[in-house]
Amino acid sequence: DTAVSQTPKYLVTQMGNDKSIKCEQNLGHDTMYWYKQDSKKFLKIMFSYNNKELIINETVPNRFSPKSPDKAHLNLHINSLELGDSAVYFCASSRIGSNSPLHFGNGTRLTVT
Amino acid sequence: EDQVTQSPEALRLQEGESSSLNCSYTVSGLRGLFWYRQDPGKGPEFLFTLYSAGEEKEKERLKATLTKKESFLHITAPKPEDSATYLCAVLMDSNYQLIWGAGTKLIIKP
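One line per chain: the protein sequences are Y and P, in this order.
Quick note on the working numbering: the first sequence kicks off at 1 and runs consecutively.
Quick note on the working numbering: the second sequence kicks off at 114 and runs consecutively.
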């Protein structure tokens, strides 16, 4: 199946830990993204990345860092997790070009205790 | 301030009862407006892109329309499987930033 897949689907961890969420797309897209969806369902962009440029939302703490081993993967690493980091994190991809629709993974529900 | 507002927050309809969802926006310039559907535990799924006032797009029981201030997602004779949260997002012309609404949760009762 052609898709955006992310793992794990659920992640429960304690404050202060470091964790990673993995994302892979086999759609041949050039650009990948990480979004955070809070309890009120708002989607907020965290990062967008293609093989040339990383764009960071300036409101994202530097504890969050994207890592891209290749064009099809964009992992999210989070250091020193805090309670407020609890949310659903979505990976997405699109063809290059701002008008291209996003294709989303099914999300990772992160719970920090 | 650039903003996208969706209404109502939730809408309960009987099967077959047509209605509309609203997405109003105040942005400095619109490059495109997107509609997505999100099922529980899933990521948003793309439905439509609209680019200019007066444009309409249709897919099965859904029709999206666009004016200079808002977009409507009309649902005709809905079925229970149309139950989902419908999200709209506006792509700004000035900085190519995508601004999302909070969504409308649509529940269709059989």
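In case anyone wonders, no lab produced these hints; they're calculated from the structure.
Fair warning: this is a prediction, and the values are worked out from it, not measured in the lab.
Among the hints, erroneous ones may be present.
DMTMM-like mimics (lysine to aspartate or glutamate), calculated; alpha carbons at most 25 Å apart, straight line [stated by the list, open to error]: (1) Y:44 x P:206; (2) Y:22 x P:206; (3) Y:40 x P:169.
A partial selection of chain P residues facing chain Y, derived with a Cβ cut-off under 8 Å [unchecked claim]: (4) 123; (5) 125; (6) 126; (7) 137; (8) 141; (9) 142; (10) 147; (11) 150; (12) 153; (13) 154; (14) 159; (15) 185; (16) 204; (17) 209; (18) 215.
Note that beta-carbon positions come from the ideal geometry of N, C-alpha and C, so glycine has one too.
Checked hints:
{"no.": "1", "hint": "Y:44 x P:206", "result": "holds, 18 Å"}
{"no.": "2", "hint": "Y:22 x P:206", "result": "violated, 31 Å"}
{"no.": "3", "hint": "Y:40 x P:169", "result": "violated, 29 Å"}
{"no.": "4", "hint": "123", "result": "violated, 11 Å"}
{"no.": "5", "hint": "125", "result": "violated, 17 Å"}
{"no.": "6", "hint": "126", "result": "violated, 20 Å"}
{"no.": "7", "hint": "137", "result": "violated, 16 Å"}
{"no.": "8", "hint": "141", "result": "violated, 15 Å"}
{"no.": "9", "hint": "142", "result": "violated, 13 Å"}
{"no.": "10", "hint": "147", "result": "holds, 6 Å"}
{"no.": "11", "hint": "150", "result": "violated, 11 Å"}
{"no.": "12", "hint": "153", "result": "violated, 10 Å"}
{"no.": "13", "hint": "154", "result": "holds, 7 Å"}
{"no.": "14", "hint": "159", "result": "holds, 4 Å"}
{"no.": "15", "hint": "185", "result": "violated, 19 Å"}
{"no.": "16", "hint": "204", "result": "holds, 6 Å"}
{"no.": "17", "hint": "209", "result": "holds, 4 Å"}
{"no.": "18", "hint": "215", "result": "holds, 5 Å"}
Hint violations for this structure: numbers 2, 3, 4, 5, 6, 7, 8, 9, 11, 12, 15, all remaining hints satisfied.
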